[in-house]
Structure formats: structure tokens, C-alpha cells
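J.: Those protein sequence lines, which keep their order, are chains D and F.
Mapping to our numbering: the first sequence position 26 is 22, numbers consecutive.
Each number in our numbering comes from the position in the second sequence (counting from 1) with 6 added on.
No lab work stands behind these hints: they were computed from the structure.
Quantities reported herein were computed from a predicted structural model and do not represent experimental measurements.
Do not take every clue at face value.
[Stated by the list, open to error] Okay, derived cross-link-like pairs now, DSBU-like style, lysine-lysine, Cα gap no bigger than 30 angstroms in a straight line: (1) F:K413 with D:K191; (2) F:K379 with F:K444; (3) D:K47 with F:K178; (4) D:K234 with F:K413; (5) D:K174 with D:K253.
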Amino acid sequence: MYEKKGRFIVEFQDIPKARQHQIEIDVEERRGNYNEVELGFDEQRALQEAKRCLSCRRCLGCALCWAECKPEAIIFEMEDEILDLEADSVIIAPGVERPLGRLDKRLGFGAHLNVITDTQLERMLSRTGPSAGLVIRPYDGEVPASIAFVQSYAAASPEMHQAALCFGINGAIQVRSKLPQADINVFAANLEDFKEAHQESLARLDRIEITEASVSQVDALEDQSLELSIEVNGSVQKSEFDLVVLITEPHISQEIKSLSKSLGLGIEYANFLMGGGQGLISADK
Amino acid sequence: MSAKRVIIFGGDPAGVAAALAQAEAGMQVTLIEPSPGLGGERLSQTQLVVDGSAFVDPNLEAVKKHPNIRIITNAQVEHAAAENGSYRLRVRRNTARVDLEKCNDCRACMRVCPIHMYDDFNEGLGFRTAIDFFNPETGTYNIFKEDMPVCQATCPANLDIRSYVGLIADGKYEESLAKIRERLPFALSIGRVCPHPCETACNRGYVDEPISICTLKRFVADYEMNNEIPPPVDVPDEFHKEKVALIGAGPASLSCGYFLAKAGYRSVCFEALPEPGGMFRYGIPEYRLSTPTLMYEINWILSHGIELRCNTRVGKDISFADIQKEYDAIFIGVGAHTGIKLQIKGEELEGVVDGVDFLRDVNMGKPVNAKGKVIVIGGGNVAMDAARVSWREGFDEVHVLYRRTKKEMPASPWEIDAAEHEGVKFQYLVAPIEVVGKNGKMTGLKCLRMQLGEPDASGRRRPVPIEGSEFVIEAETLIPAISQRPDLSFVPEEGGLNITRWNTFHVDQQTFMTNVPGIFSAGDVETGPDIAIRACANGRKAADGIIQYLQAKGSK
């Protein structure tokens, strides 16, 4: 699937690609009885399916790096450390997570290389990122001439929606400063409150078009540019872009929620972004 | 007065800025960050930055050098509590396996590392090696080795999926099943009914489609049953003298009893209904999990050393106090079997039957008056079960009413699809307001059409009624299936057990002991309505808690 300099994910002939499906009885055979509907796998299917497993692993312990390391800095026996800490007050800077599993498949993330997320763009823009701050298309490394920012979720709580838009449009502002000639469009819904809250800044945007719209489909063309089906005021139009950036829905991670709960902090969903935008929850004893 | 101690969790720019501010104010600051290095520059999420750089760049140098700041990276909070006027945190610092004092940043290790994984620092743009510097700015090298793959970490029971799937690929089915049973006795049942969060998390989903983990588990369990291979019963030669009472014979209790037996503790299981299995037996319809299959599995579990007493309702046939006297520890796993009322007019009319009651009656073989049209209310898996069972019972039409749209429905998508295939009709954006009837019998349901408004606290858009949109659906049967709660009426008030406002027990999340020493609880009665594998997983954890408790008591 990926083909980059020196790095490949190879499709092995003996590893089946397609997911195996269970054997099911027909709908006509189900009425008036309680026969089991799904019949599981036969041996053939089970073997095929089990072979698809990528056996996700990180370090294997092969020790090649250990053999190579001249200053002998690699120590496999190094163990985790347990620290017991005590404090009079706790401050949580939770950040947010943006679960990729919830992305609508029709928007093409994972299927088309030139569809990226807002957090990926953030990394791309950063000087410590994979392209040292260049905005490029992951497919061919070309500089995109047109970029669409697309809201990828149906609805979020008002605070999270504002945070997502802010994050996405800040990305667009950065892209503008790096690519002065590019067409930059933002397609998002429920913009009223956001526009009111950021009236002044929005008036000063440099050729960043923000449209109240929803994108229902992203298809890849032959050169891996993207065709978007955009719904504006009830009518669907198609437009082409070089790069699509999905604006994702931020969530507070489960870890932060349970940490707050065990410390007795009242953490309301999404409220941490309010209160001057510090993004902090604090508690004192 | 000594300096106040502040713990800051999270090393993003906000956390770093807070650390500096607190340290400047004279506080002793500990900064904890889960990733291997302090974060790099981030885009603001709270204000638009039109001039200059939109990046917020944390002042890493100042934080690193400040004498009042201690930085702990690569760390997870394992336990946190607020007590006696202070906060206590137990933190695990994951080992980097690289001595940064010796490392000379030559990158030779990265050139030879054979593992190319998605680059987490760069949000999956490109690849990194398993040994890597996390952030090129900070150069903190570490070896990335997880204790479990993402599927295993997502599974409530933390089943070693990678191993048991690998064993299937090698054709070692019995070894695979044994691997599953190290942490779960219900491979046959869970392999049929689990909504498999592991598959949602599966990394193969990024390439094409996730591995069909659940059905593979079912395959090895089916293989043993269908080939009449006797399932192994491994228990110690001698059992301890202590005895544990299990209240309820569902997935949580039987999992608990299974692991107690494997550790050499006998238990007696009290079940109010005529047969064991709990929601497996009386909630899940036959076409998803047949009784003979379930009983095959339960009989094997019981054979480890669990004595089953059915038709024994605690609080009626035997008192809770008597059990407390007779047994050394008690486990409560009675599930959540009471349907929540719709709270609308006419709910008492004949023809209205709650979802869980309806499923229980059908599963007990009671005849259903399946005439005319039936309306099921709700969007969860119980509603889907009730609808698909109604269709099998022979109602002319089966309608499911849900107040939001298909997108917001909490039921598993494949259950919704199956119901649609079978001919169940779905009506979205509809809410019931009154059951109408004649002579004490229901004749129809008055409803309102809804539209989606602003998102609520759960992030889902709140349904708002459309004024004047009232209409009546004629039907003789109504099955509300909106949610369930536990029935805790058997618990004596003077027992002192704390009950939450959701009518569940509050337990310690490590030992699963309630506030009363010696009384443990897990399953839906502790979590509220949840998936079966979580009940099984927590039942096993409770067994560990009980064993610890009995050992501590015995050594006194």
C-alpha cells in the first residue's frame, strides 16, 4: 500500500487480503423458529482469517541495535520505575484525543493517501515534523495548489466544535503563510456561534474561504487528487482538491476522566476548554 | 511554612506554561507526561492566531533548567486518590531501555532496527523504528515495547488475542482455546455474542478490514465441542476449607466461581430463575446463542467445583443474613434485569411488556400473543433483540421507534442490518408520548416527531419535539426497551451496603470489594447495563480480590 523511499509494506502472496465472513442462514429460513443465524467459520475460513493477523508488535528484542551501539547505551534489563507522589494541589492539562476509529469511511481517510487529519497537518507544519515544516501531499511529495479543510464529524458538543474549528482554521492560517498561492477552503457546519466569537480574527483572514457546508464523499482521481461531494444549501456540487485535511472531533481521554474522578475533580465533558482557554483543571487541598 | 507541592499532569504547552508559573511562584512542581518526551509546538485550539506563527511553542529549556521543577516523562498514573488533605498519585515511569547519559545521538540503532511502525510522534505520517528518538528536538531515545497489542489492551478481559489467533493460523486449535481460557471461561458464548471492541481497534482496519477476532474465538470453541474433545478441568487436588457464596448465575458469577475453583476455593451459586446463565440464558435470544450450546459451556464451568442451586431467590427462599453467616465471602452478580419505564400515560395497559421481560418470557418458552403490529421502543441491542424475536414470533409487522437517527443508535450496526434484512421497519426521530387503549387494553401509541437540535453532554445531538406533529400508530403490543437497572430489593437495609444513584454497587476497582468487607460484586449490577465480556472480566478480577481477602483472613 505504501511505497516510500526504502520502506515498503509488501503484499505477501500467501497472506489472504479479504476478511472472511461467517456463514449465515437465509432470511427465509429464520421466520417462526430460533435456529442459530450465524454459523461461524469452517476450518478453511478460520485458517485464512487467522493468517491475516499482523501480530502487532513493537520491539521484538532482536538486539541488533544493542550490537550496533558503540557507547553501550542500550540496556534491555532496564525496568519500569514506580514513584509514589504526594501533593497539595493538582493541575491537569489534559489535551484532547481525536479517535481515528470514528472517522466516516466515506471521507477516504486510510483509503486515499492525500486525505490527512488536522493533527497530521499540525505535525507536517512543525519544524520538528516529518517534512520539516513543508506542506506536501503524502502520495507524491508534491506541493498542493488547493487544499480543503473538511469537518469530519456530524455533531459535537458546542465547546468541542469551537475547539475543533479553531484548531483546523489555525492550521489553514499556517498553510497560507507557507503557500501564498494556494487555494484554501474550509467546509464546516454550525458556524454561527464560532463566527460570532471570532468575528475580528475572521475578518482579517487572508484568502481563506469558509463555507457552511457538509462533505458527504471524498473520491480519489487517477493522479490521487481528490473529488469532493459538497452539500451547500441542499444542493450537491463536486469540486477537486490536491489535499484534504479532515477536521476531527476532540474528546477527553478516558484516562483523564478516570484520573479526575479518582481525585474528586468535577470534570464536565468539554468544559476544560472554557474559562479563558487555559485548558487546565485544577484542585487544591 | 515549606513550599506547597504541585503535581501537573500533561506536558503540552498549557502544562509546561503552568509548571513555569507555579515554579516561579515558589511551588515545588512535578510535571508528569505520558509520552517519552515533552511535547513540541502545538496549534492553539482556543483562539485564532492571524498574525505571526499560530504555533504555541513551550519554553522547554526554561522548564528543564528550573530548580523547582521535576520532570517525569513516559509515565502513567496507576492510582490516584484524594485523602487527608492531600493528593496521592502512584506513577509508573516506563523504562526507556536507553541510558541517555551514554547515548551519543549517532542514530546507528535506528539504521539497523528491522521494525517499522507507524510514527506516533508524527500522528502516523510515515514510519518510525522501534528504537527511536521521540522528538528530534529533545532527542530522548527509547525503545518502544508495549506490554500488549492494541486489541488486547482494548478487550475488557485483556485476552491474549495475538497469541490465540496465531495459534489458529498454526492449526493448534486446542492450545488456542487453552490460551483463551486462561482469562475467560465463556469462549463458546462470548464467541457468539460479543460486540468485539477489539475488532474496532484492530490495526489491520487501517489497511483493509479488521481481523474477525470474535468469530475465530468461536471457531476454536466450536471445534472442541463439535469434535467431542473433552474440555480439560484443571483444579488443585485439595480444596481450601473456606466457601464462597455466589448470588446470581450469570456471566460475572460463573466467571468468578470458575477462577475461584482453579485457585482451590469451592463456591455455591444461588439462582432465582429455573436455569443458570443470567442474561446469556434469559436475555440473549436463541438464534444468537442456543441453550444447548450455553448449557454445554456452563456444565463444564460448574464441574470445576461450583454447586448450583436454582429456583432459590435470595431474600425469599433464603435470607441474605443466613448466607452471610454461613459463607466466608459473598459475590453478588445479579445483573440488571429491571426495565426502565417510559414514564408516559397508559403504560399499565395490557399489551405493554418491557423488553427484558419479553425476552425472558420467550426464552422460558412462554407463549406470546403475536397478533397484529408490535412497536419496540429504543435503539440499543436489547431493542434489536426484542424486534428480531417479535418477527420470529410471527407478528404481522414489527416497528422500531427511535428518537434520534440511525447514526446515533447505540446498537451494533450488524444487529441493525440483520433486523432490517429480516423485515423490521425502523422509524427514526419519533418519540412516544402516550399509550392509548380501550377497556384496559392497548390499541395504539401516540407519538411526536422529533428533529435534532444542539448536541448535549454526551456529544450526541439532542432530539427536540416538532410542535403539532402528533400522530397515532395503531398496535396491540408495545415493547419498551430503553435501558435496564439492577433489582436490589433482596439486599437488607441494615446490611450497610452502599448503593449508587443508578441502583448499582460501588466497589474498589482493583479488588471489586464493596464497602462491606467480604462482600464483592461485579457485572451489570456494578457497571449498569454493559457488555458480557466486561462482566466476565470483572468477575475474574473479583475472584482475585476474594482470594486475597480469604488469604489475609486465614493468616490472622
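J.: Quick one: which hint numbers does this structure break? Sort them smallest to largest.
T.: 5
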